[in-house]
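Q: With chain A's structure known, arrange chain C on it following the hints.
Read off the chains here:
There are 2 protein chains.
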Amino acid sequence: MARDFAARFRVAPGKRVQLAKHDPADASAFPDRQAAEAQSRDDAAAINEWQDKLYAEGRRALLVVLQGADTAGKDGTIRHVFNDTGPLGVTVTSFRRPSEEELAHDFLWRAHLACPRRGFIGIFNRSHYEDVLVGRVRKLAPADAIEARYEQINAFEKTLAENGTTILKFMLHISRKEQGERLQDRLDQPKSRWKFNPGDLEDRKLWDAYQAAYEVMLHRCSTPWAPWHVVPADRKWARNAAVAAIVRETLEAMNPDYPRPDWNPKDFKVD
Amino acid sequence: MARDFAARFRVAPGKRVQLAKHDPADASAFPDRQAAEAQSRDDAAAINEWQDKLYAEGRRALLVVLQGADTAGKDGTIRHVFNDTGPLGVTVTSFRRPSEEELAHDFLWRAHLACPRRGFIGIFNRSHYEDVLVGRVRKLAPADAIEARYEQINAFEKTLAENGTTILKFMLHISRKEQGERLQDRLDQPKSRWKFNPGDLEDRKLWDAYQAAYEVMLHRCSTPWAPWHVVPADRKWARNAAVAAIVRETLEAMNPDYPRPDWNPKDFKVD
Chain A
1 MARDFAARFR VAPGKRVQLA KHDPADASAF PDRQAAEAQS RDDAAAINEW QDKLYAEGRR
61 ALLVVLQGAD TAGKDGTIRH VFNDTGPLGV TVTSFRRPSE EELAHDFLWR AHLACPRRGF
121 IGIFNRSHYE DVLVGRVRKL APADAIEARY EQINAFEKTL AENGTTILKF MLHISRKEQG
181 ERLQDRLDQP KSRWKFNPGD LEDRKLWDAY QAAYEVMLHR CSTPWAPWHV VPADRKWARN
241 AAVAAIVRET LEAMNPDYPR PDWNPKDFKV D
Chain C
1 MARDFAARFR VAPGKRVQLA KHDPADASAF PDRQAAEAQS RDDAAAINEW QDKLYAEGRR
61 ALLVVLQGAD TAGKDGTIRH VFNDTGPLGV TVTSFRRPSE EELAHDFLWR AHLACPRRGF
121 IGIFNRSHYE DVLVGRVRKL APADAIEARY EQINAFEKTL AENGTTILKF MLHISRKEQG
181 ERLQDRLDQP KSRWKFNPGD LEDRKLWDAY QAAYEVMLHR CSTPWAPWHV VPADRKWARN
241 AAVAAIVRET LEAMNPDYPR PDWNPKDFKV D
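Order-wise, the sequence lines are chains A and C.
Note that our numbering numbers the first sequence so that position 46 is 46, with each residue one more than the last.
Note that our numbering numbers the second sequence so that position 83 is 83, with each residue one more than the last.
Calculated from the structure, these hints are not laboratory results.
Among the hints, erroneous ones may be present.
Heads up, the list lumps identical chains together, so a pair's fine if it works in one copy or across two of them.
[What the hints assert, rightly or not] Computed list of lysine-lysine pairs in DSSO-like fashion (alpha-carbon distance at most 30 Å, straight line):
(1) K195 with K53
(2) K177 with K269
(3) K205 with K236
(4) K53 with K236
(5) K139 with K158
No experiment lies behind these values; they were computed from the predicted model shown.
Pulled out of the complex, with its shape left as it was, chain A reads as follows:
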């Protein structure tokens, strides 16, 4: 395939990002919705095939980091992109409010613990980036400690990359207006009311501060070894298509293969 969707969404290392200039409803990478949906399905099936080879090979891992405001669709993306792959060989870690034990360690400790083993795809639903997002916006640590975290994250991810983990990071970029509609939907529909967290409205009041924190994160932590991608997320189908395409391309570039054992099958007799 001569595709390069990653290049359309990737944040070049060192580049300053102004999220206001990224239209959350942009779907120009996918001119036709039905074609995009068909492509997503095809990509999801291909990701499943690649994951089988990755698992068989057992030498490398893929780490997919998902960040985004509430309702941006982190769960939905995982469902659409990785459901063909199933739970075997795929781990999903949802980073919630840290436990007492987690808080007793440095902020990267729980992230490291959750990294995928060789052969696996690991998905972070939120991640160590919360510590430069909510951490920064709500001043959960001194400013200089927060400031130091960007380079600490880069060093951590470089170590992972140099030890066989390919890293893909996606910022699901939703508009304030679309978030408002989705939150209202959660309130209105009894079946989804459980997803509504009154605290989400508190974060929504801090919208601009969060957007600024995302911009710093994208600027400081999109690296050659762990690039960020800004994915417009107001249209779910375009969001899914972008993430699926980039994950597939990345696995293709990794090109894992079934290992060739160093023994001769003829030497074994099954009696």
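A: This is chain C only, laid out in the frame that chain A set:
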């Protein structure tokens, strides 16, 4: 649904099992293969719906334990039964040869660590039962220590059950002849050769001792709170249909539901 597939495969508590009397090719529960395959697909979709409610409810968990000889189809069962459910809210733990750290703890330690959190389905691909299977056959611990494990397992599982984890255990019952064909296939096909482990032939030589160990395990550890099911596994489609049906029935009986928040949605304004 007025089905009760579990009853067809369940080992009654205290019952002695003679595996030689269980035909591994038996498919009498599913007279028509195509109908069974359609039912499996339908069950997998229903399991996905139930899992969403289980997750939303967030109060209980389901633990599915899979045991069986090499090639019995533990991985394949997980793929078929849980692929609709995807990796979100489902964890799979493959129990391999214990690490030094695991061996430094009691045999249930690593199993406890891998138990599903509330709201999740946890799948054990092999499990703590290895310690009364390979442990018994290869005498990896003194006989009285092995002997004590059956009651220790029952007590452990009872604690899990009393704390909100429903437990389903499946012994995938394959014939020695079918295993021979599957092992030979792994040797013959370059794409699956990596799955062949020369050590599997060593276990195969101990076939009768393993069958005897399974019989003790089924007799001693099928409890009202954590029943064993013997699933004929020579025919993959019948194996998948049995496990899918029983998992679905169990989730239906658990009947998780979307929680009703104790706040009034009208009290919140999304601005």
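Q: Hints first: check each against the structure and report whether it holds.
A: Against the structure, the hints come out as follows:
Proximity of K195 and K53 under a CA criterion of 30 Å is satisfied inter-copy only: 12 Å between copies versus 36 Å inside one chain copy. For the identical chains of this complex, K177 and K269 are inter-copy neighbours only, at 14 Å across copies versus 66 Å inside a copy, given an alpha-carbon limit of 30 Å. Taking CA atoms no more than 30 Å apart as the test, K205 paired with K236 passes inside one copy only; the shortest distance there is 24 Å, against 54 Å between copies. Taking the shortest alpha-carbon separations for K53 and K236, both the intra-copy value of 29 Å and the inter-copy value of 22 Å come in at or below 30 Å.
In the homo-oligomer, the alpha carbons of K139 and K158 lie at most 30 Å apart inside one protomer (27 Å), although the nearest pairing across protomers, at 45 Å, exceeds that limit.
In summary, the structure agrees with every hint in the numbered list given earlier.
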